[in-house]
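Top to bottom, those sequences are chains A and H. Here the first sequence is numbered in the numbering used here, starting from 6 and rising by one per residue. Here the second sequence is numbered in the numbering used here, starting from 666 and rising by one per residue.
These are calculated hints, taken from the structure and not from any lab test. Be a bit skeptical, because a hint or two may be false.
What the hints assert, rightly or not - To be clear about the criterion: a stretch of chain H counts as covered by chain A if any three or more of its residues have a C-beta under 8 Å from a C-beta of chain A, and this derived list gives those stretches:
(1) 669-676
(2) 796-806
(3) 869-882
(4) 918-924
(5) 928-942
Because the structure is a prediction, the values reported are computed rather than measured. Glycine is no exception: its CB is placed at the ideal position from the N, C-alpha and C atoms.
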Amino acid sequence: MEKRFLAFCLTVALVIGFPFSAMAGPDAIHIGATVSQTGHFSSEVGPFKRLMTSWADLVNDQGGIMVEEYGKKLPVKFTIYDDKSDQATAKKYYERLATVDKVDMMLGPYSSPLTLAASTAGENHHIPFIAVCANSPKIYSRGFKWLVGVIDLGPRYTYRYWEMIKTEGKAKSVAFVVEDTIHPLGVFKGSQKLAEDAELKVLSSDIVPANTRDFTPIITKLKKESPDIVYVSSNIPFAINFMKQAKEMKLNPNEYHCIHHSGIFKDALGSAAEYVIGQSYWVEGMKLGDTQLINDVLKKADISEPRYPWSPAYVAAFQILQKAIENAGTLDKGKVVQSLKNLKMETVLGEARFAETGYGSINTYPSQIQGGVYKVIYPPDVATGKHTYPRPPWE
Amino acid sequence: MSADFIQLLVGGILLGGIYGLAAFGLSITFGVLNVLNLAHGDFLMLGSLLSYGLFVWLGINPFVAAILVIPAFMVLGVGFYLLLLKPIADKPPHQLLVASILVTLGASLFIEDITAYFWERPVTGISYTLPPMEVAGVVISSTRLLVLLFIFALACAMQLYLKKTFVGKSIRAIVQGREGAKVVGIPISRVSALAFSIGMALAASAGAFYVTLFTVTPVMGIPLTIKYLCVVVLGGLGSIVGSVFGGLILGVAETLTAYYCGAEWAPTIAFVLLILILIVRPEGLFGAKK
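Based on the sequences and whatever the hints tell you, model everything.
Shown next, in the form of structure tokens:
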């Protein structure tokens, strides 16, 4: 009798308890990511672990992200490793995030080379993977089903700049100096075509090894060619070395465009950085809808946008991640990735949507350093300053 | 000669001055101690960062910093020698060379990792430039010209030091024969420590100039050491004049190659020259035949 009673109780407990335990669901939404805390990309994203945890704190202060399947909000929990700016390390950690940490979603590492290597983990283990600052067409040409990227393709990285040049009609020629790495090369290839479309004469295109430190030969050649625009498609250390020597050798084109010209660039060059144009996702004062979230996250993380101009793109990625889960109403990975692919939403950086191959729609704006401040100069409806062209020559 | 060619030649010579200055210390260490110091580029990096700190936080001119870092790194150099190199100093020459490579490679990796961990700015550069000079249409970087003058002054001072002072003569005696030097009562260990610390201080001093011209990262040490090693072999192991001229030759060769053959060929020319010199004159341009 006693045994029968115990069996009855057990059955009742199982029948009643099982659906409750299923409904209770997971304790948190687990997001995996790596940050280049060391190595050469750390100059660009070193403290972004703080950016991620600060956003998670802000969301968790509101109770978390609503997941309909469980009928409640779930807190966001990040697992973050240092990829050391290295492809193999990034790949290793994303495999770990998939197999050991068993995360629900992944945010990509910084840069195209690292994303190219890391994103295979999402594809192989069927985990939604949101690439953040990675825009090489190679990443999106592999037919990956579990990958979307926040930003537009690299060849279109500076399309608004070329639109501006075409509209103004002042510049007539351009010379390219390109760092021989994946992202600068991708940007250069697109820019060369866009420059031709803007009816500029391309005088030369020098593709230079990444570790080049002396630019005397190239600058000597550029002085001879005398282009209106010197366009430097490179990462920041390369651009700093080039600009220092350009000033030393008094190379005076009407305009310098360095695709990356963030705070480190400005600090290391001082007055030589004045009037240099680069690309920004967002600057303070831009007329771009509600950007309060950028301010909130950056303030909490103690990160300054001019110093780390990629930070707003990460905030947009957080918004995309949250919306995709809310729309899916579940943490089922297949449904979340479908929700991501169908997403069309307003982010802090404008409308986000994804092409069939996965790349995103968010792109940069040309910004010029004027009096030590970054001013977005095009298009006029979002601009915070006017384009100074030609730049005052160095004496 | 066209103005462009003269501009390139001047640019190459000025670039060579930087190479020469940086390779100078490596040459002394190798020539005196038979130690191949793979951490040399890291000492240059540390010198750059110290100079950056002095400039940014205390407003000290980088050229003054180039002098100020010398005593600090001499002390560090003595410590480094006593701790890591003295225990292997009595090994036979071929074993010493291999052991020194392993020890200094380990030290290099350690220095890079520690620096990357603690130094908040992974890319460092100083916004310090001197107005360039222009002579007959050829623009000359004043900063690089100063580096060149510094290296010539330093080379002369070192030559005098090695020829006229007791310590200098002791260093030369050790180069000529370690056992013989020991027999005549030269304190091998102390003189070696001093020679190593001079090499280290010269690397740090070169770093102070380096940061005014280029960006500095904590992980740049080993590639720099390899390049400067090419300069040392080109000029002749242990030859001070050789490292200066080796630097100048490499600077000019890289600049002309980049202009006439394309920038992608410039890094290759260092190794082409190295192979050529090893075939034609294995002891280097100014090295003594053994």
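Hint by hint, here is what the structure shows:
Counting residues of the stretch 669-676 of chain H whose beta-carbon sits less than 8 Å from any beta-carbon of chain A gives 4, enough to reach three: the coverage restraint holds. A stretch counts as covered by a chain when three or more of its residues have a beta carbon under 8 Å from one of that chain; for the stretch 796-806 of chain H and chain A the count is 4, and the coverage holds. Against chain A, the stretch 869-882 of chain H contributes 4 residues with a C-beta closer than 8 Å to a partner C-beta. That satisfies the three-residue criterion, and the hint holds. Chain A is given as covering the stretch 918-924 of chain H, and this holds because 5 residues of the stretch bring a CB closer than 8 Å to a CB of that chain, at least three being needed.
With 4 residues having a Cβ less than 8 Å from any Cβ of chain A, the stretch 928-942 of chain H passes the three-residue criterion, so the hint holds.
The structure shown violates none of the earlier numbered hints.
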